[in-house]
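Residue numbers (the UniProt record's numbering), protein chains in the order written: chain C, 1 to 436; chain Z, 1 to 317; chain V, 1 to 201.
Don't take each hint at face value.
Derived pair list, reagent style DSBU-like, types lysine-lysine, alpha-carbon separation capped at 35 Å [claimed, not checked]:
#, chain 1, residue 1, chain 2, residue 2
1, Z, Lys66, Z, Lys36
2, Z, Lys89, C, Lys314
3, C, Lys412, Z, Lys36
4, Z, Lys66, V, Lys101
5, V, Lys33, Z, Lys66
Simulated from the structure, these hints should not be mistaken for laboratory data.
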Amino acid sequence: MNGESILIRGARILGGPQGDMLLRDGVIAALGGDVDGTGARAIDADGLVALPGLVDLHTHLREPGREDAETVASGTRAAAAGGFTAVHAMANTDPVADTAGVVEQVWRLGREAGHADVRPVGAVTVGLAGERLAELGAMADSAARVRVFSDDGICVSDAVLMRRALEYVKAFDGVIAQHAQEPRLTEGAQMNESELSGRLGLRGWPSVAEEAIIARDVLLAAHVGSRLHICHLSTRGSVEIVRLAKQRGLPVTAEVTPHHLLLTEDLVSTYDARYKVNPPLRSADDVAAVREGLADGTIDIVATDHAPHPVEDKECEWDAAAFGMLGLDTALSVVQHTMVDTGLLDWSGVADRMSFAPARIGRCDSDDAAQGRPLAVGEPANVVLIDPAASRTVDARTSASLSRNSPYDGMKLPGGVVATFLRGRPTVEDGALTWI
Amino acid sequence: MIRHLLSAADLSHEEATLILDTADEMARLTEGRAVKKLPTLRGRTVVNLFFEDSTRTRTSFELAAKRLSADVINFSAKGSSVSKGESLKDTALTLAAMGADGVVVRHSASGAAYRLATSGWISANVLNAGDGTHEHPTQALLDAFTLRRHLGDLRDRDVVIVGDVLHGRVARSNVLLLATLGARVTLVAPPTLLPLGVENWPCEVTYDLDAALPGADAVMMLRVQRERMNAAFFPSAREYSRRYGLDARRFSSLPEDAIVLHPGPMNRGMEISADVADNERSVIVEQVTNGVYVRMAVLYLMLAGSGTGSAGGEDAA
Amino acid sequence: MSRHLSGFRTVLSEDEINRALARMAHEVVERNKGASGLVVLGIPSRGVPLAQRLTARISSVEDIAVPVGALDVTMYRDDLRLRPARALEPTDIPDGGVDGKTVVLVDDVLYSGRTIRAALTALDDVGRPRAVRLAVLVDRGHRELPIRADHVGKNLPTSLRESVRVLLNEVDGQDAVLVGATADAHPAPEAHLAAGEEEAR
Ligand SMILES: [Zn+2]
């Protein structure tokens, strides 16, 4: 364990009253009004808010296979810079993370890098081909202890396969995270289907293609009594379906991305492929609906869907460009801007949506590297200090990610991560990464 | 006068009229003359950048540029970056290095011309010669020019456009331009070939061709690709033709002086019957001739001047 | 109109313009030994009404119909790149063309000579006249090319700082030739391209 003790002085715990926090031996050793920090290095946190280290349930780290876009090391640095202490690495790598071998490799790379815990997501089907189940149990039993399974990027559209996957992972308390996209309704789709897509001549990605799959999967999950998680929900209709499911007490959880909380399809009229993402940016009405859904708990969590791409995959014609945008190092600012500064969510709500709940869904809140734990004495010292009064103009060139495809480049956003601690060790201090 | 021509929506009534008036002069300056070549764009380089084959459009632009004495380079980029060939960006940088003044770009991806014009990769004027299922503004201009020659001022004239609006860049550009020029446009198509939100376009929409024809001053038939029926946009070519094709019976329900347009290439027997296509009130061949005049006008207005300010009102003393 | 004209003085009145045109009509006929074989082409914009007036006078003197038309030279100018592209004016070549005819080009003001050079090039593409003559209402000097007018309404020595405006009833609602100082000095007529200037067309 890290030998250094750190005393955080005067931070507002979860945005509440000010208090001191002593981080020692990887845990929160003391917490309260007047903590004895003898021998500890003191950090003045007056005006800052302390939250539990953020947990991302949906990150594309690209390694193995596309190390030109991102590596486990660079992606977790970007995560730390954004206040995250754990990320779930999606399975659509090359080779696909569909065996114990690949998930263990990713997990180990995360441990070696040490910037944030890496929790690999396992593929649901072999090679993401949607034909037969991958060895889900082997991945669950591996050193990586996989609990989240997803073919993200591709929808598990075969109803029988989806049913079996939902049933099978019950044996080890896993969850299927569905990328809800009816494939036939979205062949060649380029942007939200709307009047704008008709005007721009871009193939539409209709809301119903997302909603139809969510509705089906909610019914399937109810039928077999399994946990279901919906990735990057993006439409008003999807929010309504999930709301209904929760009213019926079904074990369904859902996530929304920062970009779907802030950006709308209008940006596509520039044909700038930085705004090309899947599911696509939607209408202002959809944005309002996902914000409401996140505020009232219909949507459980914010997940970044951080999707790095090299320059050449974005500096091209819209149709040829890759889907996806960076999200890790801007997520908290976007959430502050869209949810906190608008009064929809307080900081303890942010802690829930970005730390407690994602850790609970991913079942990484209870093992020896537990994440998303309360800020309480004896809990792991995963802490992020943020300055809500700060603001910055996003410069994608300065991102710790290897890629530059941030849709917020040049945009002014509030807030800033001042420090991130992973089990008591600073990964970010004074707003900068502690080591390269 | 015009920096780029990317969408018919970019043109105000005044600008569109200037282009059409200029095209009128281009026709008068070259029609029936021994010397068809004007020295106007001597020393200027126009690149025809075609990522998608279209001999007729390329030839039309080539002829237009050559009649204005521009140097013309035909650059057919066989592989677009869609097919993992040279990227649009690298091609643009190459053209910039060659000193292109104007780039006429045809591409299978919607927005490619827009991207080229706004990316900062190249400073040349960009002219959209058809981008994916988005727009084809010079086709709309040549259609408007042809309509104007036959109908005069287009204000309150009824133009019926029939066919695949969803995948059709011609329909999109025509609706925008004709609305700007004050014409009343009616789109006719099966519901599957109309884009979402078409009811908010500046036009009428109907599924009933027979109802639309008796009031039409002109009817424009769009090419419908047979392959669309494989994707279930309509059941069969025969049914399409029966419900949306212009045959002799429907032709006879048009007012006596109404004209028929088609951007070509035609599917005879599909959207238009052979006898209608060859009727003297069909102006399809004339559209091809007019295409050259309109493109001369656009190239002139785009490339002849210093590229700053506007042309309007310079002559008032 | 008047707001453009403060600081200008009249150098030709309506009567003087009429007398000048009458004299020029006689000169044209005399030089041509009659009015047969003449084609009069005005250079837009103000050369066109002047050509029509001149032709009307020739026709009334000689009692035959002299063909008159317009020749737009915009597409032939060598200074296109110095300004934004302009709207074209109509070119109207009378039936019968110009081959073997004596063409009289008519413009309002002769200055650098570049408009006339463009007109000669334009005429080349129309046909092959037997001869080309030039008639202008005002010759203000400062030629940049070896071009001179055959028939001049008035020689008007000017400085480069001055601007000459020709107003015609058909276009401007009044007949007058005015001279005034321009706001800023122009180094050479070639660059002298503000709106409404004599060489602008
Ligand atoms: Zn996804």
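Each hint tested on the structure:
Using a Cα cut-off of 35 Å, the hinted pair Lys66/Z and Lys36/Z holds, with the two alpha carbons roughly 10 Å apart. Taking the CA atoms of Lys89/Z and Lys314/C, the gap is near 11 Å; set against the 35 Å cutoff, the hint holds. At most 35 Å may separate the alpha-carbon atoms for a hinted pair to count; Lys412/C and Lys36/Z exceed this at roughly 57 Å. Annotation: proposed proximity of Lys66/Z to Lys101/V holds, straight-line Cα distance about 30 Å (limit 35 Å).
Simply put, Lys33/V and Lys66/Z have alpha-carbon atoms about 42 Å apart, too far for the 35 Å limit, and the pair is violated.
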